[in-house]
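Chains as they are written, first to last, in our numbering: chain C, 1 to 47; chain B, 1 to 189.
Please keep in mind that the hints were generated in silico from the structure rather than gathered at the bench.
One or more hints might be untrue.
If you want the ones that stay clear, here's a sample from chain C, every Cβ over 10 Å from chain B, calculated [what the hints assert, rightly or not]:
hint: 1; residue: Asn-3
hint: 2; residue: Ala-6
hint: 3; residue: Leu-8
hint: 4; residue: Ile-24
hint: 5; residue: Ala-30
These stretches of chain C come out as covered by chain B in the derived footprint (C-beta under 8 Å, 3 or more residues) [as the list claims (entries may be wrong)]:
hint: 6; region: 16-23
hint: 7; region: 31-39
All C-beta atoms in this analysis are idealised placements derived from N, C-alpha and C, irrespective of residue type, glycine included.
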Amino acid sequence: MKNKLALLALSAQKINRQHVQLLIVVLSLAMLVLGVGAPTDPGGGGH
Amino acid sequence: MILLLALAGGLPVGMASSRWRGLPYQTPELRFVWLVFLAFLPQLVVLYLPNFRSGPNDSLSAACLIVSMLAFLGFAWLNRVVPGMSFLLLGLILNLTVIALNNGFMPISPHTASELISKQALQDFQAGDRFGTKDILLLSESTRFEWLADRFLPPSWFPYRFAFSLGDVFIALGAFVILAWPGLSIKKE
Numbered sequence: 001m002k003n004k005l006a007l008l009a010l011s012a013q014k015i016n017r018q019h020v021q022l023l024i025v026v027l028s029l030a031m032l033v034l035g036v037g038a039p040t041d042p043g044g045g046g047h
Numbered sequence: 001m002i003l004l005l006a007l008a009g010g011l012p013v014g015m016a017s018s019r020w021r022g023l024p025y026q027t028p029e030l031r032f033v034w035l036v037f038l039a040f041l042p043q044l045v046v047l048y049l050p051n052f053r054s055g056p057n058d059s060l061s062a063a064c065l066i067v068s069m070l071a072f073l074g075f076a077w078l079n080r081v082v083p084g085m086s087f088l089l090l091g092l093i094l095n096l097t098v099i100a101l102n103n104g105f106m107p108i109s110p111h112t113a114s115e116l117i118s119k120q121a122l123q124d125f126q127a128g129d130r131f132g133t134k135d136i137l138l139l140s141e142s143t144r145f146e147w148l149a150d151r152f153l154p155p156s157w158f159p160y161r162f163a164f165s166l167g168d169v170f171i172a173l174g175a176f177v178i179l180a181w182p183g184l185s186i187k188k189e
């Protein structure tokens with residue numbers, strides 16, 4: 001259990017600030033392009 | 001699809017380019033990110049959540065779409081110095097213009113729509129009906145700024161069919177540049 005916790009802490013350390021920043025930027029860009037773009041596809045449905 | 005492809009393509013290109021230059025990948029510096037989440041909220045509720053999508057009438061959905069796009073416009077303007085954002089801003093203005101002038105939705109002609117669904121399925125639609133998530137089926141002659149509508153299709157060999165507008169092209173280009181060359185302005189300095 002102790003080893004697992006240590007491993008988890010080590011993994012968390014590897015996720016540095018830049019990774020989180022990149023994730024937020026990619027997520028916000030995805031929302032931005034989906035929000036302002038208006039392509040249509042057959043799966044979009046209608047009515 | 002075109003938009004998500006641009007994002008999916010931009011990030012690996014940016015990372016490969018940084019690696020090739022021996023530099024760490026520079027995450028694009030976007031300000032007021034909270035505004036994106038706030039701007040997306042009205043669209044998420046009225047256009048994407050299935051339970052709410054059938055609820056509000058088209059006028060309310062159209063109003064939400066325009067308010068949401070105006071908020072996105074504010075975000076893009078506040079971040080206009082980010083390399084690539086000017087393309088995205090231009091695409092946003094083009095899409096917003098054609099949407100605002102055509103009942104609050106992106107127009108698509110029956111001809112273009114017939115390339116996406118079968119002729120039989122298209123018979124269930126009438127001019128003025130909603131089509132897809134953000135589109136409205138309108139005859140070309142009754143569409144304002146028809147050249148900005150969803151009128152382009154991918155090449156026939158492309159496995160996935162979708163229609164897109166000129167604005168979408170600029171948005172995709174902008175999103176690609178933002179992720180592929182995030183350090184462009186820094187390099188210039």
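Hint check results:
1. Asn-3: 31 Å, holds
2. Ala-6: 27 Å, holds
3. Leu-8: It holds; Leu-8(C) is separated from chain B by about 25 Å at its closest Cβ, greater than 10 Å.
4. Ile-24: Since the minimum Cβ distance to chain B is about 6 Å, Ile-24(C) lies within 10 Å and the statement is violated.
5. Ala-30: Not fine: 6 Å to the nearest Cβ puts Ala-30(C) too close to chain B.
6. 16-23: holds (count 3)
7. 31-39: This one holds; 9 residues, not fewer than the three required, reach chain B with a Cβ under 8 Å.
Hint violations for this structure: numbers 4 and 5, all remaining hints satisfied.
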